[in-house]
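Chains as they are written, first to last, in my numbering: chain P, 37 to 377; chain L, 37 to 377; chain V, 37 to 377; chain H, 37 to 377.
FYI, nobody ran anything at the bench for these hints, they're computed from the structure.
Only a predicted model underlies this, so the values are computations on that prediction, with no experimental measurement involved.
Where hints are given, some of them may not hold.
Identical chains share a label here; the pair holds if one copy fits it or two copies do between them.
What the hints assert, rightly or not - As a list, the in silico BS3-like pairs of lysine-lysine whose alpha-carbon atoms are at most 30 Å apart:
#1 Lys296 <-> Lys72
#2 Lys72 <-> Lys263
#3 Lys239 <-> Lys106
#4 Lys103 <-> Lys72
#5 Lys296 <-> Lys239
#6 Lys263 <-> Lys103
#7 Lys263 <-> Lys239
#8 Lys263 <-> Lys106
#9 Lys106 <-> Lys296
4 protein chains.
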Amino acid sequence: MLVIMRDHASQPEIQHVVALLSEAGAQAHLSGGEVKTIIGVIGDRETVYSLDLQGLPGVEEVIRVLKPYKLVGRDFQPEDTVVRVGPHATVGGGAVAVMAGPCSVESEEQMMQVARACREAGATMLRGGAYKPRSSPYAFQGMGVEGLQLLRAAADSVGLPVVTEVLDVRDAETVAEYADVLQVGARNMQNFMMLDELGTMGKPVLLKRGLAATIEETLSAAEYVLKGGNRNLMLCERGIRTFETYTRNTLDLAAVAALKTLTHLPIIVDPSHATGRRELVGVMARAGIVAGADGLMIEVHPDPEHAKCDGPQSLTPPDFAEMMESLAPLLEIQGSRLGWS
Amino acid sequence: MLVIMRDHASQPEIQHVVALLSEAGAQAHLSGGEVKTIIGVIGDRETVYSLDLQGLPGVEEVIRVLKPYKLVGRDFQPEDTVVRVGPHATVGGGAVAVMAGPCSVESEEQMMQVARACREAGATMLRGGAYKPRSSPYAFQGMGVEGLQLLRAAADSVGLPVVTEVLDVRDAETVAEYADVLQVGARNMQNFMMLDELGTMGKPVLLKRGLAATIEETLSAAEYVLKGGNRNLMLCERGIRTFETYTRNTLDLAAVAALKTLTHLPIIVDPSHATGRRELVGVMARAGIVAGADGLMIEVHPDPEHAKCDGPQSLTPPDFAEMMESLAPLLEIQGSRLGWS
Amino acid sequence: MLVIMRDHASQPEIQHVVALLSEAGAQAHLSGGEVKTIIGVIGDRETVYSLDLQGLPGVEEVIRVLKPYKLVGRDFQPEDTVVRVGPHATVGGGAVAVMAGPCSVESEEQMMQVARACREAGATMLRGGAYKPRSSPYAFQGMGVEGLQLLRAAADSVGLPVVTEVLDVRDAETVAEYADVLQVGARNMQNFMMLDELGTMGKPVLLKRGLAATIEETLSAAEYVLKGGNRNLMLCERGIRTFETYTRNTLDLAAVAALKTLTHLPIIVDPSHATGRRELVGVMARAGIVAGADGLMIEVHPDPEHAKCDGPQSLTPPDFAEMMESLAPLLEIQGSRLGWS
Amino acid sequence: MLVIMRDHASQPEIQHVVALLSEAGAQAHLSGGEVKTIIGVIGDRETVYSLDLQGLPGVEEVIRVLKPYKLVGRDFQPEDTVVRVGPHATVGGGAVAVMAGPCSVESEEQMMQVARACREAGATMLRGGAYKPRSSPYAFQGMGVEGLQLLRAAADSVGLPVVTEVLDVRDAETVAEYADVLQVGARNMQNFMMLDELGTMGKPVLLKRGLAATIEETLSAAEYVLKGGNRNLMLCERGIRTFETYTRNTLDLAAVAALKTLTHLPIIVDPSHATGRRELVGVMARAGIVAGADGLMIEVHPDPEHAKCDGPQSLTPPDFAEMMESLAPLLEIQGSRLGWS
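Required output: the full structure, derived from the provided sequences and hints.
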């Protein structure tokens, strides 16, 4: 941490800061010219993060150099984390996941149909929502446990693992009975109690970046899960909120490339939620792979016109199959492969 | 809802949309010129919100005219909601709340000191955090139940009601034992399960606007609580996330003025979290009152330099007393009064 | 400037940075612990701003402590700048300007009518656009020189000074013949060539904050004008672009309060463009005054329904008169007065 | 255009809107249920864009269905525009441009060195800034005409065309003497006077998206140039401003894919300015190509450590050569080729 003092800060002001630091068990290193003094602070992460010196007399700015995370960083673990999901699927270290399926589970027939189509086209996991976070209380909220059962049955019938969202921390255990990957939605990225809970469970977790979360905050949220002991974590870029309204969100592929340098965790890209437009899903999936993504999350629905949610961004099974074919040469160029063995 | 067809959309495309609408139980009204056809859709809120026609052949754009909320709107209830908190405090309808206290409960002494100071200066409620949402798992996370007990004891000693955050839906009952107002933090604004839960409880709720939530989404989140049966709801503007970094967030006072026209619920302003800078808290509190706020949430700490969180934005007791004095003439101009009887 | 080296940066990496600094004429001060080295850089503003060390081997981050501006800062000039406009109007140092008038000049009758109404209600300057920046080339672009003439004549008939926008640097001289204040619109805030030009002219300048400009960038743009020799500068907050769409922009009143601490220049608030909604203009004007604004810019039109631009946010003359009346008690509380003598 | 009336708007309110429309020469089509009336407006683009009905009594919302642009749209011209630059370079319709060179022209030696390196690696145009838009007046502002001369000489020596920025409309003619493509920077995207001027010149224009410009605004700005008669226009995505600070801007590749569906104009991607980080430039260039870009703009400097601007995001010649090699298989997959004959 660095404490930048105001121009011509007084000696008592400077000494006051130094005293507070020493009191808290941190070390202060002064360096300054005639006009400006800068105080370098050395201490452990927890100590330094508990210090709030901004606002003291004479203090102009406090800059935190120490990152708020450790376990998720490449400094801590240089090699890629590889997450195993079910007997056949892997993600990370060159293995690319394709998680496909409908926004929400609607019926047995829908799920069986979509599961078969996804499996045939090469998806490595089946996704589907049983609990749906909806802005309006008047929108369809999901089928709940029955949805989990239909999802599991459909996945089993084609031998795919299941990815589905935990919307309420109280349902985590129940969802874990049916799912292979527990998804944390964008709105829950900073639901720290849920992150704590999932950190103590063994199941792989997929953590989506919040609508307005920075890269650093996303990594800090990930740190909660790893700190709890669960190393089977994947992150997901699903678009951030900006002033642009043509697309549903702004897909931040540079964040994907940046995350690959900062963390060893696998990074998934969700072009369906990011763009909100069917015609952009395939092209952004391909761009995501080239940006370095370890996986894709794609909404597929046998009959998007009648989908209970997110129809406009869902691919039909033939569209999805076409997208999958178009990925192959790009995976080869990236030196990657679909994560299935 | 309006469905805007593309220029020169074909008759079969138009008829297909009409058929889907009719199938879903909604009515379609066509109006069009030579180039463009527009389909007006009439139906109940739930039906219309379950329709996702974007992405159909020939459809250019789908525009939702019906608001995703009802109970929170002025159309539904023109007169201001007045929320009673404890035996003496009220909020709304001209009664202005001042919720003051430290970011986090740290010790008995701290709480007793700050409670006395807040009461003396004219605060109408005592705030303090027992469970703290922190970006980093290495930062102080709050004292938990012990914090709730210290907060309650301090508040009782000066006769003020208590406002505190529910961070985990599983703690809602426990928090309700100690608190008079259950606060939902910005990160939980779209934690719909928690909103559902609080909607079934009788206690007043304070719902903070999410970091990247629109006015409409904030009202839709509020609708969850009212739909559950709990009409004792207050909203809180605490700054949104923008590209500006000088202030912690961007305080959106026009949203306060706009919300006063759109909803009957009381609106609270939190200039402490919004600005993150002590020197801006008082002035933005005053501007908030003039923008029409029904209350303020102010961080006060007896010793901000040693605060475990948010020191830089906390007022000292004398600063707070000064701020309170400066509010008096503005309340008079607004035709309002402190909500205490 | 501070150069934060990566953890365990090598001695050659550190020495390389020090050598580059010394080569450029800046001084390097090292301070470091076992893990991290930080290099403090001392030098003059121009030198330090020409150094781009980010991206060098071993460099983690470069932090600029020195502000990119000087003349506009309170450090350079602690007392408020007071700008004189015409024989009677002043802005700053307790004098509050009210610049009122239509979005665009449309006809002699319109201007005469609005000028009288504004003068009677207490406006201290007349505004109106002769050159209009419009997103679409198909929208009304203003009356040009004829508009300037109508604006001047109307202003003279009631004895008010004129504020109007310079849209093209080639028109600066022409506009200066008719106007007392040269306005730079938000889209031109970083049109540095125009700022250079206006810096060499004697006329007072009103510089609007860009749609996505930070406080620091706004002050840096202001520095261009002062560096050219023109000290008669006012800044204007007119809302920034965020994800919120209910209001046209997000009025950042905390930026107004912050700017008052950072710069000696007068700060104007434009609630008309910021909100884009007539019903919010008056209340945000009042909140702006309380936030510390030295002036207001208000769109007034005798017949908003037929306005050629910005009708929805224009006040009618009676609305404007009512707003002006409501300001009086607030100015008294602020210890300010209308800037007219 | 659609005018959505408030619930239960009165007949006189509705008739008033209809009368205003008819007065302006537009046609009104009413459609409504018991609660809500919607008025469809038919008229030409110019008429409809001059109508500002928001704010009228009884009007809830005005929705513009007609796009504010025409000539740039795929409806107007379905086939791709192909821009010819100099005798050998083309952009669009499968021809991909690579515009490479330093942020700013600094010396003859620097330019000769970089020109050779760019040419050898396969760049199709040479870029370089002679006039630099800098936030701070204390930063290097470019070499001016001398820079243009050095740029031209270096380009001629290797047979590449020149791309460079017009910062001041008064310099447009001068720049056109030396350059083959006139670049409009992000800060000037809505400098409509400059767009008008460039619209009347024959030279190809490269228009960069503004820092906070929507896709629609970018297309509207482009319309200014085409309306003036100049069809040789390219657009450039260079990152938008969001809350994320790890990258300099947020590269919006979905906007590239979207623009390819909306307009026939070639779209260039600038990963250097967008990311601000050397290590992300190559990967985002590749992702840009896959997103559908018709060209790239890449900062290359022989000695980034001593660059006068944007060193941290400049590639060295070997890095650039490596990037160029990595593009080849992607271009093949896209069915594209470098735009050089």
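Within, between, both or neither, where lysine 263 and lysine 106 count as close if Cα-Cα is 30 Å or less: This pair counts as within: shortest intra-copy Cα distance 9 Å, inter-copy 43 Å.
Copy assignment of lysine 263 with lysine 103, given that the CA separation must stay at most 30 Å: Classified as within; 15 Å inside a copy, 39 Å across copies.
Homomeric proximity label, lysine 296 with lysine 72: Cα distance no greater than 30 Å: between (37 Å within a copy, 23 Å between copies)
Under a CA distance limit of 30 Å, which applies to lysine 103 and lysine 72: within one copy, between copies, both, or neither? both (25 Å within a copy, 12 Å between copies)
Same-copy or cross-copy closeness of lysine 296 to lysine 239 [CA-CA at most 30 Å]: Answer is within; shortest intra-copy Cα gap is 23 Å, inter-copy 41 Å.
Same-copy or cross-copy closeness of lysine 106 to lysine 296 [CA-CA at most 30 Å]: within (15 Å within a copy, 40 Å between copies)
Classify it for me, lysine 239 with lysine 106: is the Cα-Cα distance of at most 30 Å met within a copy, between copies, both or neither? For lysine 239 and lysine 106, only the intra-copy Cα distance (21 Å) is at most 30 Å; the inter-copy one is 40 Å.
Under a CA distance limit of 30 Å, which applies to lysine 72 and lysine 263: within one copy, between copies, both, or neither? between (39 Å within a copy, 24 Å between copies)
Using 30 Å as the alpha-carbon threshold, which applies to lysine 263 and lysine 239: within, between, both, or neither? within (15 Å within a copy, 35 Å between copies)
Checked against the numbered hints above, the structure violates none of them.
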